[in-house]
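A.B. asks: Could you use the hints to bring the two separately framed chains together as a complex?
Chains as they are written, first to last, in numbering that gives the first Met the number 0: chain A, 0 to 281; chain B, 0 to 295.
You may find that some hints are simply not true.
Unchecked claim - Only pairs whose alpha carbons sit at most 20 Å apart, straight line, appear in this in silico SDA-like list of lysine to any residue:
1) K100/B / Q267/A
2) K180/B / G167/A
3) K203/B / V182/B
4) K68/B / T155/B
5) K7/A / K100/B
6) K75/B / S200/B
7) K64/B / N49/B
8) K5/A / S200/B
9) K107/A / C83/B
10) K196/A / A150/A
11) K226/A / F255/B
12) K100/B / R3/A
13) K7/A / G101/B
14) K180/B / Q267/A
15) K51/A / A137/B
16) K180/B / V271/A
17) K100/B / T19/A
18) K97/B / R3/A
19) K46/B / K259/B
20) K141/B / V23/A
21) K5/A / V182/B
22) K2/A / Q191/B
23) K75/B / P153/B
24) K75/B / V165/B
25) K97/B / P207/B
26) K75/B / P121/A
27) K75/A / K51/A
28) K241/B / I147/B
Keep in mind that the hints were calculated from the coordinates and are not lab data.
Bear in mind that the values here come from a model prediction, so they are computed numbers and not experimental data.
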Amino acid sequence: MRKRTKKKIQEVLAYVVLITIGIVMIYPLIWMFFASFKTNEEIYGSISLLPKSYSWEAFVDGWNAIGGNTYAVFFKNSFLLVIPTTLLTVVSSTLVAYGFARFNFVGKRLAFSLLLSTLMLPNAILIIPRYSIFRNLHVLDGYGPFYLMAAFACYPFFTYMLVQFLRGLPRELDESAYIDGCGTFRTLIQILLPLLKPAMFSAGLFQFLWTYNDYFNSLIYINTVKKFTVSLALRLSLDSETIVIWKNVMAMSCLAVLPVVVLFFFCQKYFVEGIATSGLKG
Amino acid sequence: MKRKKRLSRDNQAYFYLLPWIIGMLVLQIYPFITSFYYSLTEYNALKDPNFIGLDNYIRLFTRDKEFVKSLTATIKYSVYTVPCKIIMSLFIAVLLNKGRKGIGALRTIYYLPSLFGGSMAVSILWKIMFMDDGMINAFLHKFGVETISFLGNPSTALPTLSALEVWQFGSSMVMFLAALKQVPQSLYEAAQIDGAGPVKSFFKITIPQISPIIFFCIIMQTINALQNFTSAFVVTQGGPVKSTYMLGLKLYNDGFLFMKMGYASATSWVIFALVLVFTLVLFGTSKYWVFYGDED
Numbered sequence: 000m001r002k003r004t005k006k007k008i009q010e011v012l013a014y015v016v017l018i019t020i021g022i023v024m025i026y027p028l029i030w031m032f033f034a035s036f037k038t039n040e041e042i043y044g045s046i047s048l049l050p051k052s053y054s055w056e057a058f059v060d061g062w063n064a065i066g067g068n069t070y071a072v073f074f075k076n077s078f079l080l081v082i083p084t085t086l087l088t089v090v091s092s093t094l095v096a097y098g099f100a101r102f103n104f105v106g107k108r109l110a111f112s113l114l115l116s117t118l119m120l121p122n123a124i125l126i127i128p129r130y131s132i133f134r135n136l137h138v139l140d141g142y143g144p145f146y147l148m149a150a151f152a153c154y155p156f157f158t159y160m161l162v163q164f165l166r167g168l169p170r171e172l173d174e175s176a177y178i179d180g181c182g183t184f185r186t187l188i189q190i191l192l193p194l195l196k197p198a199m200f201s202a203g204l205f206q207f208l209w210t211y212n213d214y215f216n217s218l219i220y221i222n223t224v225k226k227f228t229v230s231l232a233l234r235l236s237l238d239s240e241t242i243v244i245w246k247n248v249m250a251m252s253c254l255a256v257l258p259v260v261v262l263f264f265f266c267q268k269y270f271v272e273g274i275a276t277s278g279l280k281g
Numbered sequence: 000m001k002r003k004k005r006l007s008r009d010n011q012a013y014f015y016l017l018p019w020i021i022g023m024l025v026l027q028i029y030p031f032i033t034s035f036y037y038s039l040t041e042y043n044a045l046k047d048p049n050f051i052g053l054d055n056y057i058r059l060f061t062r063d064k065e066f067v068k069s070l071t072a073t074i075k076y077s078v079y080t081v082p083c084k085i086i087m088s089l090f091i092a093v094l095l096n097k098g099r100k101g102i103g104a105l106r107t108i109y110y111l112p113s114l115f116g117g118s119m120a121v122s123i124l125w126k127i128m129f130m131d132d133g134m135i136n137a138f139l140h141k142f143g144v145e146t147i148s149f150l151g152n153p154s155t156a157l158p159t160l161s162a163l164e165v166w167q168f169g170s171s172m173v174m175f176l177a178a179l180k181q182v183p184q185s186l187y188e189a190a191q192i193d194g195a196g197p198v199k200s201f202f203k204i205t206i207p208q209i210s211p212i213i214f215f216c217i218i219m220q221t222i223n224a225l226q227n228f229t230s231a232f233v234v235t236q237g238g239p240v241k242s243t244y245m246l247g248l249k250l251y252n253d254g255f256l257f258m259k260m261g262y263a264s265a266t267s268w269v270i271f272a273l274v275l276v277f278t279l280v281l282f283g284t285s286k287y288w289v290f291y292g293d294e295d
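Next comes chain B alone, as it looks inside the complex (with noise of 0.2 Å):
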């Protein structure tokens, strides 16, 4: 009894954190550096990785071309779909918050598609939806619109598949729904009084109150754009023409296809890259539009 009571209460802690310890060190920390050390080998899984340098950078940016394509095609279906998603489940958070009749239905509804986030289930139904005679084109016929190749065209097969991606807005608009209803009432009968119309204090209260998160919606969402895999696996792989090839398939393919571990994880690294450029320069401007309330 005596002994117990020497380890103080508080490094008990470490006996907790024990799990995530190890789990940081050997499937975090560890992984995160080998990533870096193989993006400068050539590395197949079988054999030693062989150290050449910044060879597997240089060559991504200056002798591949499927790299530009897929850099570009990352970066816009980011740009398409994390604005859209936050536009759109704020616009429908707003709408569903008034306390309206059958809001729960509704809300249910528009919940529903976010359940099946990047499952394949859904990837497919997109696949059989937007092909050629599919159902969207039959319904597009009915308005004389001509058949549009969704999914051949490299156009369209972006947008398409940012299409699957925007439908599945519901989690965020629960988040939003959350959030909304923190908003003091008390503002809003203040800004009434002093004149200011709905679409003034949405901008200057609701927006700026929820603004925490919108923020950290953000984040989590372009993170996983950035990643996309699935949708463009399965719908268009990645085609036609490489317009859809994000890199989170041309990860899968040089890695785990063609067996070349180290360039792949240089494709990865560009991964990062863009995920780290991109949340710092959210993180720093997020003193001019973040408002974070009292803090705890």
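Isolated chain A, as found in the complex (with noise of 0.2 Å):
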């Protein structure tokens, strides 16, 4: 009797903990969500989550906050730098890990080992370089260098994740397809793809946000407010006016991770999948 007395006590224990926990992560970001109804004055010196009234007018301000540009210019332009970024990562590093998962050429080790190493190696050190390599290469102020580097799989991580799914897949598939006359490009689009799609997928989501998210690469690659992406136009609200008006800040913060949250609400499976194959064999 005791023992189950003492069960039930831990179990309520761990709810309250996950729970108290819970709604101090989760705080922040509905506090986010409301301040873009609150004057600056209720900002201020104030914890309470509400609003004292609610207009969408932080929303149309912040739209139309800076100078000559709406939002529309920079969701569209974000879009435009992300998705081909992430649709040539996918291509590219679905390539590689074939080549990498189901051949023996010479050099494999040297080559597996040389990815595995890029893996670990810091962005910080590669950046000055490549800012000169895409100047030379007149692509500066674009996305050119998002694309480029995406469509020459320099995302070490999502070839090394594919790597890791394609090995789990039985290579009985490829002999069985090479017997029936089948070309190894044949067999990768007809046999594995298919198999691989939710890897793929799991690749496309990541690179997707994290590209949607990044902040460091675009301010150094895109220059002109007009070729701006949100993370730049969100940084530049900050700066524009004498007196920040929050609400539209928080208003256009919101709308900036709003594609994000609503991604991962469809896709959650895929989230979750990415991570724990990624991770496992790591």
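C.D. replies: This is the structure:
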């Protein structure tokens, strides 16, 4: 009997801890949403979560805030940057992962250890020479650097993730395709790709997320306001006025995180599986 | 048809690897080497680099007061955030792993903040929440705590930024959750029969069993923490009195604001050295605490 009460207390305690920490975790995000309706006076020195009144004014004002450019432009830019980058990353990493996972070519060990070591190579050390390279290629102040890096599989994380996934698919699939007269490329497209789709989708999701959230690289490669992404525009809205109207900034921040949240809720399964498979064999 | 056969199947791999080979040579190895060369030069991106030997490094370590602060802030930031994130995600993962009701919703809530990792929106949010007359201080007032100048005081600014990082522990939590599911239940049952309590089986079974994932998370998170930029740039701008002027920020300011790219390259090599030393130490100690079951 005493053992059962003890168990029950433990159970309740676990829930209390989990829910309390959960509230602390989610509170800032909820606060951010409601702050979009508050005047600066309401934000300063107040803990109340709910605003005194609701109007969508901040969303309208924030949308048009930055001299001549609306957030329609910035969102369009963000997607113009992120979508091709994501697609190119998925295609290039799939091809490269296939090369690594299914063939015994000369120099494979060396190549694979190079791939693994680039996984740990900090971006900080490459950024200045890359900047010079992209300047010589005349692709600065645009999304060219992102496209090029994606097309040439410079995101070793995704290649590695797909290699691990491919290794889990039975090799007999390829063998029987070869016997049926398929070439290597047809084997990839017709036999492996259907099985690889979930992993490719996970890779794409993460690349979408990381590129969309990225600030450092965008700051360096993009200079013209007309080409700014949402992240760059948000930062700009902090400086552009003498007195920042926080609710406008918060409203736009809410919109900025919205695509990520929507994507997450529609594709939760892939997020979780993607993290799990990429980490598990690491 | 015959000709095609002559290219052995295995050598067709080079065809698939081609994008990577080019990318590797042009956008990874070449920049890696040039970066070191730049670090030995005076270079402003407009004129050709001018070789000056080790001057940049000597200046960093002997004459640049900023650099010492930068280095300290960067190391502190990693030391604060990485262990906190690992412990936090492990703790929550273990609690969530018991198959309780409502786990799905809780997992989502814990995971959500990590979706915005390093994004502008949450950095701005942090700035607003932690300002002197912000929401956090208003909350503390209720408990009679005087206003804490979180972002204006050198001793609290870095922990405040660290809190933003730790808040995003969700992705490692999901990794740990997946790893915990793989631990054979029979191990726990055997331990229970041998009289081991929950604490003992946590340290003797759970930790060793998922140690490869912990190892992986520590490495990846440290590499990220050592390069942190966005939160320092937006929330504190490196201040107050350079207490959050992390190396990533110094690299950006020196290289892209003042166009001293040779000098900034030297800074980037310090970041790299930190990453390298840290990874080597961790790999060196891994045989004592990381257990790989069956290698494949």
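A.B. asks: Of the numbered hints stated earlier in the document, which are not met by this structure?
C.D. replies: 6, 7, 9, 21 and 27
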